[in-house]
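Chemist: For the record, the sequence lines run as chains E, A, L and V.
Position 207 of the first sequence, counted from 1, bears residue number 207 in UniProt numbering, the numbering being contiguous throughout.
Position 166 of the second sequence, counted from 1, bears residue number 166 in UniProt numbering, the numbering being contiguous throughout.
Position 153 of the third sequence, counted from 1, bears residue number 153 in UniProt numbering, the numbering being contiguous throughout.
Position 298 of the fourth sequence, counted from 1, bears residue number 298 in UniProt numbering, the numbering being contiguous throughout.
Think of the hints as simulated: they come from the structure by calculation, not from any bench.
Predicted model only: the values in this text are computed from it and were never measured.
Just so you know, not all the hints are guaranteed correct.
Note that identical chains are pooled: a pair holds if it fits in a single copy or bridges any two copies.
To be verified - No farther apart than 27 Å at their CA atoms in a straight line, the calculated lysine-lysine pairs in the BS3-like style are these: (1) Lys-269 with Lys-10; (2) Lys-98 with Lys-192; (3) Lys-269 with Lys-192; (4) Lys-10 with Lys-98; (5) Lys-38 with Lys-98.
Protein chains: 4
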Amino acid sequence: MAGSRYAYVKSFEIADPLLPSTFFVVRIDGKGFHGFSKLHDFDKPNDVRALNLMNEAARRVVGGRELNGECVVAFGESDEYSFVFKRTCRLHGRRASKIVTLVVSVFTAAYTALWPQFFPNSPLALDHLPVFDGRVVQYTNELEIQDYLRWRQVDTHINNMYNTVFWALVLQGGRTEQQAEQELRGTISSQKQEILFSQFGINYNTVDAMFRKGSIVIWEEVPPTETKEPGHKVEPVTPEPASTPPQPAPPADSPAPITTMRQRKKPPKPKRRLVIVHEDLIADAWWAEGRGKGLLDG
Amino acid sequence: MAGSRYAYVKSFEIADPLLPSTFFVVRIDGKGFHGFSKLHDFDKPNDVRALNLMNEAARRVVGGRELNGECVVAFGESDEYSFVFKRTCRLHGRRASKIVTLVVSVFTAAYTALWPQFFPNSPLALDHLPVFDGRVVQYTNELEIQDYLRWRQVDTHINNMYNTVFWALVLQGGRTEQQAEQELRGTISSQKQEILFSQFGINYNTVDAMFRKGSIVIWEEVPPTETKEPGHKVEPVTPEPASTPPQPAPPADSPAPITTMRQRKKPPKPKRRLVIVHEDLIADAWWAEGRGKGLLDG
Amino acid sequence: MAGSRYAYVKSFEIADPLLPSTFFVVRIDGKGFHGFSKLHDFDKPNDVRALNLMNEAARRVVGGRELNGECVVAFGESDEYSFVFKRTCRLHGRRASKIVTLVVSVFTAAYTALWPQFFPNSPLALDHLPVFDGRVVQYTNELEIQDYLRWRQVDTHINNMYNTVFWALVLQGGRTEQQAEQELRGTISSQKQEILFSQFGINYNTVDAMFRKGSIVIWEEVPPTETKEPGHKVEPVTPEPASTPPQPAPPADSPAPITTMRQRKKPPKPKRRLVIVHEDLIADAWWAEGRGKGLLDG
Amino acid sequence: MAGSRYAYVKSFEIADPLLPSTFFVVRIDGKGFHGFSKLHDFDKPNDVRALNLMNEAARRVVGGRELNGECVVAFGESDEYSFVFKRTCRLHGRRASKIVTLVVSVFTAAYTALWPQFFPNSPLALDHLPVFDGRVVQYTNELEIQDYLRWRQVDTHINNMYNTVFWALVLQGGRTEQQAEQELRGTISSQKQEILFSQFGINYNTVDAMFRKGSIVIWEEVPPTETKEPGHKVEPVTPEPASTPPQPAPPADSPAPITTMRQRKKPPKPKRRLVIVHEDLIADAWWAEGRGKGLLDG
């Protein structure tokens, strides 16, 4: 074929598989969002519309066909989102660049396409489009993945506490940004809460949970009664991922599974849907009894 | 700090730098574009609007602030685009995942945001957004990068020749897709051209160059006269990238360069702008005398 | 410094760390040992001297100062050896090439230096020295590492069964090598055992366990009575590795541990020594109650 | 097969190919050679026997069958050695760990086996064997590889200059090591030469070139007259490596080369042998007209 004399350049593509049985996270971050948020006049310290848009874009990633339902939970704060995959995930041969670019692309497309719904009066500028970079990080066991999510939620907490007091001082307290920064230097959490309460009458614990705890995108089963109700619309319900084998990679020459000719009818799989919640996942309770229970199994 | 007990998870982030002085290409590919093109009823064998949209999105990538003007040329065909960077590129510390995700994200955002301009009557569906994956490939010298681009253009040629005849047979010749496929099996280039000409009166060489050769996004200097003309608008003109040192990485302990106190005035750098052309870059002439001359130097 | 203008070449060294908390194996293989074993007239199907030399070289690796006592078990068969490290191992910053080259080098040096003790009448030829290559493989949990070792022991079993019958047919049964190969084609384990027993009176289960099960180099505690006996020499007893933290990587900004001024005296750590055994590590019992118990903990 | 249920662990082996057309260097370093050199009472500042042993071991690596004659030059100083491979090298599929471990193993075996010839009165201790680690570094063009070798030779020069004066001060000048260190602090090259000459009558330029410039192991052609002389023994002469294609990887579907049935007789390839020289490779002359000419071509 005419092109073959140049085809040698394809040999420079080097495979980049993840290890066969690691858990992994794809974390995306807004690029230049400081300027972007100014351009669109985001509320300080948190813009509800912008956070809801992030959440909705994340829901499109987790529930979208590109990930085949294999992302089990996502966590977001500010302009970043983390997507968590189980050790049994076989998506795209576990090729790192394939997976990370797909997540970034679906997120970016959704964020851009959904923008007008959340910011109807502030259209995107073609030379200042929302852009995200991404990376993939591997972990070896459930505790590490739990701690990864705890790390992000603690980060949410620390940043939000600071920003809440900072912007109260500036917006309500009449300080300059420099004064506010200096006033907060070296303060610990309880002191910041005290400033908030004594000067501005704000009880930090009543601040919107989405601001304090970030957002969790997670699957939940749809109760059978709900799915049967005529006319009831559940959206989006994605199909269960194909069941994955317990072994990280099946032996090449394993015997074919023995099956009877008459397959027994399986009970129908429960439908599931994505929900967005703002819960404390730092405490063990969330993992032992809450939505995190069994999340990383299998 | 409260979060420090979980911060160990950050140590799982492993650096993925490109080699310090390789040329490299980021190639992106549409994901599931067969279905996407059906959904939006793309013309066969080529949809001019779709190709122009790809080109415009690519121009936003090459000229956008995210790449700092460091992408020197891009080549596109169908639903793929290749972005070429020189060996001296120091963008984002040459971190592979950072660079590849940024390119994919800017491209996706531009494609999504520009869509209504190119397909005003076929709005995007939120559950079928345009998605691209990407990879980065390193090369060691100019010839390999030239051959990379030749490889893509030969691919464009082969695919377009086939598709042009195939769809002529189907759309004008009344064959089914199966019949057309069978009729073309084993034919060589000259035979396909003969079918095109004898049955449909089409001289392949007069087919739109964009279809036959793909699209090249490349910088060109703006003539001084043009930039000085009052009221003349040149868009987009991005700043020259900061000049890069000839050495791939400056020695850590090199002495500071000696400079005189009175810096001489440099002549102003020529302005440049991006153009989209459909030229033959397989022949040496393009590299020796055409737009490719000096493209990969320095 | 005079050399600085060339020091940029150092920037081409790219880090290759293992993930922070994987288990890993360094496996080395003899290079060209078919010819090497002919040159030194190794016994067929197994050469006791050669296997003992492999074991002794492996013991020097596991117990040597280079690995700091961090290799917890090694398994050998034929001309290969696998060295297993726990997830908490921090040796040499977990740099892959550093670790794998050190293991290969220590093994090669020991094999070469010990050779005359095991083959006093067959001196090494300078142009046919024993050479080993190596690789490092990461695993995410204990079961995978256990299965890795099981995989090697099953391999030992299969190879030795075949070789034992093959060489009995050739050396005692008067077949040519081709005849023996043909005679064994398609036979299963029980048939091979039957040939061995009926034709050569050999009960496979009485074959030397080192041949059937391979060799395990493993630490065991030295009973206190034994170490206290005057004049008793225990060799080699390497020091315990420095205790490693339970977390795969300590948070950078963790508070300093609180210590009292008067440190309590710790009870002396039990001494340990390396033993070489030929046990079945495929069965769960070895891991639940045998030497494998607790081996991979912590 | 019985072992198949564990064979999945093999899937954890991840490929580590070098890029298809980089030049690369394998550099090995003595591990703990400070102690090793004390144990065997190496002369200060340089031990001729130890350097000759390093050189001879390196010659065994470069000329040995394991590298198939594909290492084109090696450079050594002190307890380190660098082995240089051309961009066309296809050894072992360019697998990084395979290549680096082979080099380390051959070097270690040769160093250990040759030891008694160089240190007949100081036998190796089994618990202090000579050990080397290794790494592989890739470069994209000839200049970088030249600069790599210049970097090592400048390093040789700087270290040797310092050590020569330091040990003159200590061994001949009666200083303590601390005094010598202090006396040399901050001195530049010309000052060190002045101390050497004025205090000890040593002209630095007359110091053994092996100490000042390091050692180069390189191939040279054997003149035909020499090879024809009866009884003349040239050792070792390794065969030329199989000629490699100019393209880094041949296209998969390239047509078979056309050959005539009667192959013409090729003129016999010139024989070549390894020599060890101590030349200046920093100056361009060595590369333009000296032994470096054409060294990295093809």
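Chemist: None of the hints should be skipped; say for each whether it holds.
Modeler: Results for each hint:
Taking the shortest Cα distances, Lys-269 and Lys-10 never come within 27 Å of each other, neither inside one copy (43 Å) nor across copies (33 Å). Taking the closest pair of Cα atoms, Lys-98 and Lys-192 never come within 27 Å of each other, the shortest separation being 43 Å inside a single copy and 36 Å across copies. Taking the shortest Cα distances, Lys-269 and Lys-192 never come within 27 Å of each other, neither inside one copy (49 Å) nor across copies (48 Å). Taking the shortest alpha-carbon separations for Lys-10 and Lys-98, both the intra-copy value of 16 Å and the inter-copy value of 22 Å come in at or below 27 Å.
When the C-alpha separation of Lys-38 and Lys-98 is checked against a cutoff of 27 Å, the pair qualifies only between copies, where the shortest distance is 24 Å, while the shortest distance within a copy is 32 Å.
Consistency note: the structure conflicts with the earlier hints numbered 1, 2, 3.
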